[in-house]
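Following the hints, complete the assembly by docking chain B onto the known chain A.
Number of protein chains: 2
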Amino acid sequence: MPKLDLSHIEQTNRTGYPAPFDEPVQGRWYRRLAPPTGLQDFAASHVVLKPAAWSSQRHWHDGEDEMLIMIAGEAVLIEDEGRTIMRAGDIAVWPKGVKNGHHLINETQEDCVFVAIGGGKKHDIGGGYSDIDMLFTPDGYFRKNGTGYDTDRIP
Amino acid sequence: MPKLDLSHIEQTNRTGYPAPFDEPVQGRWYRRLAPPTGLQDFAASHVVLKPAAWSSQRHWHDGEDEMLIMIAGEAVLIEDEGRTIMRAGDIAVWPKGVKNGHHLINETQEDCVFVAIGGGKKHDIGGGYSDIDMLFTPDGYFRKNGTGYDTDRIP
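From first to last, the protein sequence lines are chains A and B. Note that the first sequence covers residues 115 to 269 in this note's numbering. Note that the second sequence covers residues 115 to 269 in this note's numbering.
Honestly, I wouldn't trust all of these hints.
Heads up, the list lumps identical chains together, so a pair's fine if it works in one copy or across two of them.
[Said to hold, decoys possible] Subject to a maximum C-alpha distance of 16 Å in a straight line, what follows is the list of computed EDC-like cross-link-like pairs (lysine to aspartate or glutamate): (1) Lys117 / Asp194; (2) Lys210 / Asp253; (3) Lys164 / Glu221; (4) Lys117 / Glu188; (5) Lys236 / Asp225; (6) Lys117 / Asp204; (7) Lys164 / Asp238; (8) Lys213 / Glu195; (9) Lys117 / Glu193; (10) Lys117 / Glu195; (11) Lys117 / Glu224; (12) Lys164 / Glu195; (13) Lys164 / Glu224.
The hints are simulated quantities; they were obtained by calculation from the structure and are not laboratory data.
Looking at chain A on its own, in the form it has when it is part of the complex (with noise of 0.2 Å):
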């Protein structure tokens, strides 16, 4: 049915984040809509953010556009410029190439709900993070120094 039935699809927390910039992720449990469901123009997730969870380090893609909409509960959206309430209903966007980090935090007592869009693996060529030594490419994790981290890194 086109209606997801969200039970059916597996929801895990794991993260390819090299330790400790896996810590703050541990609350964050996603599901990957595409593959269960035979999309192949874009990639998405619907994801729940336990309180105090953050949904990824502060971060940017460079080849990848990137949209969030709220369904439900209220996070704190970080970016170079401040911090932004997010609620129900509203929505973010970051075109690829714009070097603006970005991540919520839910600093309530409640779960909050997102869906996060992106144009998926085809555009995947890596991006940054704003306050950790640490890219992505797709190819994995790196120092700015250009070493290695010793994950894989789940795209």
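What follows is chain B alone, placed relative to chain A:
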């Protein structure tokens, strides 16, 4: 700012549907989100359906994946298999080429709101309608005998 200020994005109810197929979508008020934000990888629309409005004629796309995310109110999704209620947080997906015509109808007395994501013009090879003598191609609207309708399609 990445968070969209919808009040600054044009909202329209225009349609290229020929009469009388345009009538049920008069209460569909939408904002195209890609042009004002610079998104290129996919297309997105923020849509408000007034009471009794239809999201479209019941249709499918041959070349373009679609996803719909309900963010407020309630609508009925209608497709070959029947009726499904869609409420805030519900998500539906239509992979390209599946000839299962679908649309949403707002049968309530309140507005409903959703975001529709599509692969965009680069994937637009046309598609069909389940209930009326019409099909669409990148060149416009046609009867099933191949004769054209005298309106301009808005892709």
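>> Are any of the numbered hints broken by this structure? If so, which, sorted upward?
In response: Hint check: 2, 5, 7, 11 and 12 fail, others pass.
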